[in-house]
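Engineer: Sequence:
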Amino acid sequence: MARNSTTWDWTLLLAAACLVVGAPSLIAGEPAEGKHDARRDKLAAALLEQMEQHGVPGVGVAVFNDYAIDWADGYGVLAIESDAGVTPETRFQAASISKPVAAAAALKLAEQGKLDLDAEVNDVLASWKVPEGANIAKMPIQVRQLLSHTAGLTVHGFPGYAVDAKRPTLIEILDGTPPANTGPIRPLIKPGYAFRYSGGGYTVLQQLLIDVTGQPFPELMQQAVLGPLEMTHSTYEQPLPAEWASQAASGHRPQKKPVAGKWHIYPEMAAAGLWTTPSDLARFAIDLSRCHAGEQGTLLSQQTAEEMLTAVRGNYGLGLAVQGEGETLRFSHGGANDGFRCLLMAYPATGQGIALMTNSDTGDRIFTDILKLAGQLYAWPKQ
102 MARNSTTWDW TLLLAAACLV VGAPSLIAGE PAEGKHDARR DKLAAALLEQ
152 MEQHGVPGVG VAVFNDYAID WADGYGVLAI ESDAGVTPET RFQAASISKP
202 VAAAAALKLA EQGKLDLDAE VNDVLASWKV PEGANIAKMP IQVRQLLSHT
252 AGLTVHGFPG YAVDAKRPTL IEILDGTPPA NTGPIRPLIK PGYAFRYSGG
302 GYTVLQQLLI DVTGQPFPEL MQQAVLGPLE MTHSTYEQPL PAEWASQAAS
352 GHRPQKKPVA GKWHIYPEMA AAGLWTTPSD LARFAIDLSR CHAGEQGTLL
402 SQQTAEEMLT AVRGNYGLGL AVQGEGETLR FSHGGANDGF RCLLMAYPAT
452 GQGIALMTNS DTGDRIFTDI LKLAGQLYAW PKQ
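Taking the numbering used here, the leading residue of the sequence shown gets 102, the next gets one more, and so forth.
To be clear, the hints were calculated from the coordinates, so they are not data collected in a lab.
Treat the hints with caution; some may be incorrect.
Here are the simulated lysine-lysine pairs, BS3-like style, with alpha carbons at most 25 Å apart [what the hints assert, rightly or not]:
hint	residue 1	residue 2
1	K143	K230
2	K267	K291
3	K143	K473
4	K209	K267
5	K143	K358
6	K136	K473
7	K267	K363
8	K483	K473
9	K291	K239
10	K230	K209
This one's a predicted model, so the numbers in the text were calculated from it and none came from an experiment.
Using the sequences provided together with the hints, build the complete structure.
Structural biologist: This is the structure:
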């Protein structure tokens with residue numbers, strides 16, 4: 102969880118705190134994108150200082166203003182043992198920011214009449230069914246409860262699989278059977294009763310969307326969300342396609358230790374499997390903000406966008422953390438895969454926000470100070 106700020110309240114930002122690693126170098130990559138002004142220079146200088154302080158090898162950033170990307174850039178290196186620089190087109194693992202993008206696909210299918218959000222999950226699933234929990238009587242789980250983390254399901258998150266490890270099928274992950282490295286996904290508390298963050302719930306959603314569409318998950322996500330929003334540097338394919346892998350950021354643990362094989366593989370795609378860039382995450386946030394504001398967004402109707410950004414339990418809507426109202430309404434999500442930390446935050450009423458992606462377990466340590474400074478420089482609404 103990000104640390105508190107005295108000016109902005111960042112307590113909803115879902116970034117995990119970890120240990121410190123060594124310092125990166127600034128390596129020139131492809132030209133930066135967008136406007137260049139004093140605000141950008143100040144934020145870039147702060148990023149480099151924070152990277153040095155917290156030992157983050159590489160960072161990608163996209164700042165958006167008035168429903169458009171203001172600028173995007175990359176700092177540092179793809180991997181500590183390489184001199185290849187991070188650029189605006191460098192792909193990082195989005196980790197749990199995969200969830201709101203997957204949630205948007207479910208909402209799009211609902212708008213198309215292909216999915217009923219109020220339907221019982223087991224009535225929609227074909228390839229697998231949610232079993233009864235050991236300590237809870239069988240109770241129906243609604244599809245929308247998977248999106249809002251109120252289904253009461255187990256398995257908070259996933260460690261992923263080493264590139265040379267045997268990987269389980271989706272059904273093996275759902276049942277927690279070998280070679281899955283997490284437990285079975287089962288009901289633990291009454292559905293709808295409370296917010297209980299569950300990557301397991303989004304893995305159930307992954308199977309459900311596959312069953313509804315009859316498509317592989319990366320294909321359905323490309324068709325439902327990534328393609329329409331022109332997120333051309335994004336994919337849910339796991340493993341990452343070879344033609345993209347050479348230019349992707351490598352994960353790092355504390356003390357500059359590279360993740361073996363560069364990164365882990367996440368067959369739990371809806372929960373943790375998105376590869377993307379800060380600019381593509383910004384495109385997602387901008388379109389959702391446009392939809393919410395009635396500004397002719399691409400993906401969802403205004404009504405659906407409002408539903409997505411309305412808190413259900415624990416200040417969490419249908420896929421995103423939400424706080425405030427009116428002009429101060431803010432949505433956000435953090436991500437923490439092995440060797441990667443990232444954050445997306447936006448104000449839908451003003452079309453402002455930021456996407457930050459890092460290739461280090463300590464990357465989240467830069468978020469609080471950078472968000473505070475960006476909020477001041479770009480006059481974000483205060484809570």
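Engineer: For a quick check of understanding: which of the numbered hints are violated here, in increasing order?
Structural biologist: 1, 2, 4 and 5
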